[in-house]
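Peer 1: Using the sequences and the hints given, assemble the complete structure.
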Amino acid sequence: MSSSLLTPELLRRLEQFQLLAARRAKSSARGERRSRARGQSVEFADYRNYSHGDDFRYLDWNLYGRLERLFLKLYEEERELPVRIFLDASESMSFGEPRKFDFARQVAAAIGYVALCGFDRVSVVPFPNAERGAPSAATHGAAPDVAMPPAESAARGALRSVRGRKSAMQFFQNLGQLTARGPANLNQALRRGALEARQAGLAVVLSDFLDPAGYEPGLSALVGRGFQVDAVQILAPDELNPTTCGDLRLVDAETGAVQEVTFGRYRLKAYQQTVRNYCQRLREFCTGRGINFFTASSDTPLEQLLLKQLREAEVWG
Amino acid sequence: MSFLAPAAFAFAAAIPVVIVFYLLKRKRVVKLVSSTLLWQKFLAETQASAPFQRLRHNWLLLLQLLLLALVVFALARPYWAGDSQSSKLRVLILDASASMRATDVPPSRFEKARAEALKWVNGLGDYDQMVILQAAANTEVKQSATSDRSALRRALQACAATDSPTRLAEAFKLAETLIKNRTDAEIHLFSDGAVSNLGEFENKNLPLVYHRIGERGENLGIVSLDARANPENPAQRAIFASIGNFSTNAQSTDVELLFDNQLLETRPLDLAPTNTQPLVFIAPQTKDGVFTVRLSAKDDLAADNQASIVSLMPQPVKVLLVTRGNRFLEKALKGPAQVQLSVASGLTDSADAFDLVVLDDLAPAVWPAVNVLAIHTANTNWFSGWETAKTPAIVDWRNTHPLLRFVNFDNVQISETLAVKAPAWGVSLVDSPRTPLVIAGERDRQRIVWIGFDTLQSTWPLRVSFPMFIANAVEWLNPASENASHLLVRAGDPFRLGLAPAVTTAQVTKPDGSKQPITLEPGALEIVFGDTFRQGIYRLKAGTNEVTFCVNLMDAAESNIMPRDDLPLGKYGKVAASTLRRANQEYWRWLACAGLAVLLFEWWYYHKRTA
Numbered sequence: 001m002s003s004s005l006l007t008p009e010l011l012r013r014l015e016q017f018q019l020l021a022a023r024r025a026k027s028s029a030r031g032e033r034r035s036r037a038r039g040q041s042v043e044f045a046d047y048r049n050y051s052h053g054d055d056f057r058y059l060d061w062n063l064y065g066r067l068e069r070l071f072l073k074l075y076e077e078e079r080e081l082p083v084r085i086f087l088d089a090s091e092s093m094s095f096g097e098p099r100k101f102d103f104a105r106q107v108a109a110a111i112g113y114v115a116l117c118g119f120d121r122v123s124v125v126p127f128p129n130a131e132r133g134a135p136s137a138a139t140h141g142a143a144p145d146v147a148m149p150p151a152e153s154a155a156r157g158a159l160r161s162v163r164g165r166k167s168a169m170q171f172f173q174n175l176g177q178l179t180a181r182g183p184a185n186l187n188q189a190l191r192r193g194a195l196e197a198r199q200a201g202l203a204v205v206l207s208d209f210l211d212p213a214g215y216e217p218g219l220s221a222l223v224g225r226g227f228q229v230d231a232v233q234i235l236a237p238d239e240l241n242p243t244t245c246g247d248l249r250l251v252d253a254e255t256g257a258v259q260e261v262t263f264g265r266y267r268l269k270a271y272q273q274t275v276r277n278y279c280q281r282l283r284e285f286c287t288g289r290g291i292n293f294f295t296a297s298s299d300t301p302l303e304q305l306l307l308k309q310l311r312e313a314e315v316w317g
Numbered sequence: 318m319s320f321l322a323p324a325a326f327a328f329a330a331a332i333p334v335v336i337v338f339y340l341l342k343r344k345r346v347v348k349l350v351s352s353t354l355l356w357q358k359f360l361a362e363t364q365a366s367a368p369f370q371r372l373r374h375n376w377l378l379l380l381q382l383l384l385l386a387l388v389v390f391a392l393a394r395p396y397w398a399g400d401s402q403s404s405k406l407r408v409l410i411l412d413a414s415a416s417m418r419a420t421d422v423p424p425s426r427f428e429k430a431r432a433e434a435l436k437w438v439n440g441l442g443d444y445d446q447m448v449i450l451q452a453a454a455n456t457e458v459k460q461s462a463t464s465d466r467s468a469l470r471r472a473l474q475a476c477a478a479t480d481s482p483t484r485l486a487e488a489f490k491l492a493e494t495l496i497k498n499r500t501d502a503e504i505h506l507f508s509d510g511a512v513s514n515l516g517e518f519e520n521k522n523l524p525l526v527y528h529r530i531g532e533r534g535e536n537l538g539i540v541s542l543d544a545r546a547n548p549e550n551p552a553q554r555a556i557f558a559s560i561g562n563f564s565t566n567a568q569s570t571d572v573e574l575l576f577d578n579q580l581l582e583t584r585p586l587d588l589a590p591t592n593t594q595p596l597v598f599i600a601p602q603t604k605d606g607v608f609t610v611r612l613s614a615k616d617d618l619a620a621d622n623q624a625s626i627v628s629l630m631p632q633p634v635k636v637l638l639v640t641r642g643n644r645f646l647e648k649a650l651k652g653p654a655q656v657q658l659s660v661a662s663g664l665t666d667s668a669d670a671f672d673l674v675v676l677d678d679l680a681p682a683v684w685p686a687v688n689v690l691a692i693h694t695a696n697t698n699w700f701s702g703w704e705t706a707k708t709p710a711i712v713d714w715r716n717t718h719p720l721l722r723f724v725n726f727d728n729v730q731i732s733e734t735l736a737v738k739a740p741a742w743g744v745s746l747v748d749s750p751r752t753p754l755v756i757a758g759e760r761d762r763q764r765i766v767w768i769g770f771d772t773l774q775s776t777w778p779l780r781v782s783f784p785m786f787i788a789n790a791v792e793w794l795n796p797a798s799e800n801a802s803h804l805l806v807r808a809g810d811p812f813r814l815g816l817a818p819a820v821t822t823a824q825v826t827k828p829d830g831s832k833q834p835i836t837l838e839p840g841a842l843e844i845v846f847g848d849t850f851r852q853g854i855y856r857l858k859a860g861t862n863e864v865t866f867c868v869n870l871m872d873a874a875e876s877n878i879m880p881r882d883d884l885p886l887g888k889y890g891k892v893a894a895s896t897l898r899r900a901n902q903e904y905w906r907w908l909a910c911a912g913l914a915v916l917l918f919e920w921w922y923y924h925k926r927t928a
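Line by line, the protein sequences give chains A and B.
If you read the first sequence in the numbering used here, its first letter stands for residue 1, the second for the next number, and so on.
If you read the second sequence in the numbering used here, its first letter stands for residue 318, the second for the next number, and so on.
Keep in mind that the hints were calculated from the coordinates and are not lab data.
Just so you know, even glycine gets a beta-carbon here, dropped at the ideal spot from N, CA and C.
It cannot be assumed that every hint is accurate.
The calculated label-pair distances, taken between Cβ atoms and stated as ranges, are [said to hold, decoys possible]:
# : chain 1 : residue 1 : chain 2 : residue 2 : range
1 : B       : R345      : A       : A313      : 38 to 44 Å
2 : B       : A911      : A       : Y266      : 18 to 24 Å
3 : A       : Y266      : B       : D443      : 36 to 42 Å
4 : B       : L382      : A       : E216      : 41 to 47 Å
5 : A       : V258      : B       : S319      : 51 to 57 Å
6 : B       : A911      : A       : A313      : 56 to 62 Å
Below, simulated BS3-like cross-link-like pairs (lysine-lysine); rule was C-alpha separation at most 27 Å, straight line [as the list claims (entries may be wrong)]:
# : chain 1 : residue 1 : chain 2 : residue 2
7 : A       : K269      : B       : K348
8 : A       : K269      : B       : K344
9 : A       : K269      : B       : K358
Listing some non-contacts, in silico: residues in chain B with all C-beta distances to chain A over 10 Å [what the hints assert, rightly or not]:
#  : residue
10 : T353
11 : E647
12 : P719
13 : R764
Peer 2: Shown next as structure tokens:
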């Protein structure tokens, strides 16, 4: 399964990376990240006066010898970095050649793999949650949405919390079980994710950000909760350079909304400008809130994004 | 408001077509896309703002209909009748003389001139006015000042070239009157420049633009023709013709002589460049008829390749000499052939039996009604008064007049003469500083030659010029030759004929065979026929009287069809042919039509592409 998402060669190269977090880890579970908490590690942090009941093992006897006062040596506590990957699994992600969703899963797998190798906790949050989602436009007006296959439900459950490098293969398998369906509600998913997280950490949002309701409240909620956010916008080649011309009646796959458009090659530049403007607004919004933002077409070579763009942006190093 | 081209409203039929286009339902291709968000933003950025989006198509329809209506309206050329405040006046003078019938520019110079003039009509500004004059032997106003282009075009179409010589002076005078007090007026002359002297306009500073028409001047022409009795054999006729070569190359032609359309003689002729050569044909004549000289060479101008002259059989001239005795005069009068001389010492009747009366130093009791040669006598009707002048010196004489042909007044001294003022009915032929000495003219259809001095009181009878003058006078005063000279008409000049009072109708048969009736007023004594613009033989039938007369070009200036680069105005002035001034060609109609076509095509193409 891993081969369908990431090549062994890519995995080998990803093993060299470690997710870089600008903020100290706030997780309560022990891990390999420096944190503000004091605890057991080899990294000296500070001294404090001995108080009754402290462990004698941490007394600095050399200091006692010079000063005849008892000081306790404090060490930094190393904790894990919770990594939450918000994966857009809405109907719109199933478009494109190659599919945007496949590309998003590959990116999620790569980020997850780097995190797992760094003993960080990875949780993948696919949205929409089909159990609560509305019927999609593809099935709009037809039979009610079919229930999610049990295998996918199980996979979603298993992806909520993954830790340890040995879980990587299972992690990849579970990612492969996911499907894209239903209308997305980016804001709702991000807000819920921000609230549900016990500790803030690294949040990676993989989406096309083409939600009519916008993206601002969701991203703001994540930032407000203290997450360090990396946003990756994935667009299909056809969305960047439409090839269908003429008088078109466009149907939105998620909402079923209809838009009549007369399009031709002569309007291609204007359209591309519109896309650029949209992405630029999104980038400005993210930059203004300290969010790392990336745009990728789904036909972009994966290595280009992972080994170059993300590395240069110091998402990992 | 009126319309110059109401037919253009037919274009309004395109309006329903546009509406039909709007009625057509568009077929759209349904496509499922990931999100319409980007498309909505794209449309929002490229289209009008939302409040107008719903109305957009309707506005487009209205705008297109409005555009179409405006185009159609413009094509109909609406105008308001009214005085334009700052309008230009252009006077177009179209030379319609014989030289403009030259075919060096196909189909002819005149057609070329008409086409050029038409360009100027088409380029006429909306507020500009134009006058069209046709100048030939006389000037015709074809269209008075107007801005109506269709009227101007009609006027141009109505113009036609004639076989007559050009008299541009008249046209210029008329144009000058028309543009008087107009600062922005122009006179446009479309001509080949074959014009006579325009010296009187030298200092007028006419705003003249000369459009030269024509390319070359390959022409042979008959420039003069005369038929006289052969001096050596009165039964024969001598026909004098001058043939001119007006081209810059030597030319050869056959000259044919016909009598009443029967070929008498053909003579080959070689002419050096720009040379004129006289020819004399001798032909017997037994009846009245028409001699025609014809050139066989093909050249650019056909009008001067043929000339005709009516030749009547010679009739005896009955001359009455009233004198106290003048042997010199008597002898001189006997000189010309055909003269039957009677001599009397007084005159008591009007001498109707004679062709002419010679009054020698004697006032008759009754003044004759026939033509008169009056010597040293005066009628109070002729002059307002007279005195006597001693030893007048002869200072000038008009040797171009037929009376003074081969006559000169060198060594003529006069003792005494009557001194009169030159009358309106005649011209002075011989002048002294104080008084005219010889006057010739026509008064009430009576030809008069007046000599103010007594010939016996002068040395003139001793000079060879005296018998010559008398012979010329007999010829000029002879009613038969006078009539014969009337029978030779230059193109464009009117033909006149005296009439018996009872005649009320007349008919002219033209050279092309068409007949033109002439209505005569009761009691008319003279018939005047002015439509002599075509060269050839005309036959006039008035009552029982039938007269043949010939119309010829016979104008060397007109036969010289070489187009002139400059139009001479007097000795120093000239107008150069315009090469830069071109008519402004309007093409807004074509643009409007193209706009209409593009509008329809755009709509058709749009629907074709989206269907």
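Peer 1: Hints the structure violates: just list their numbers, smallest first.
Peer 2: 10
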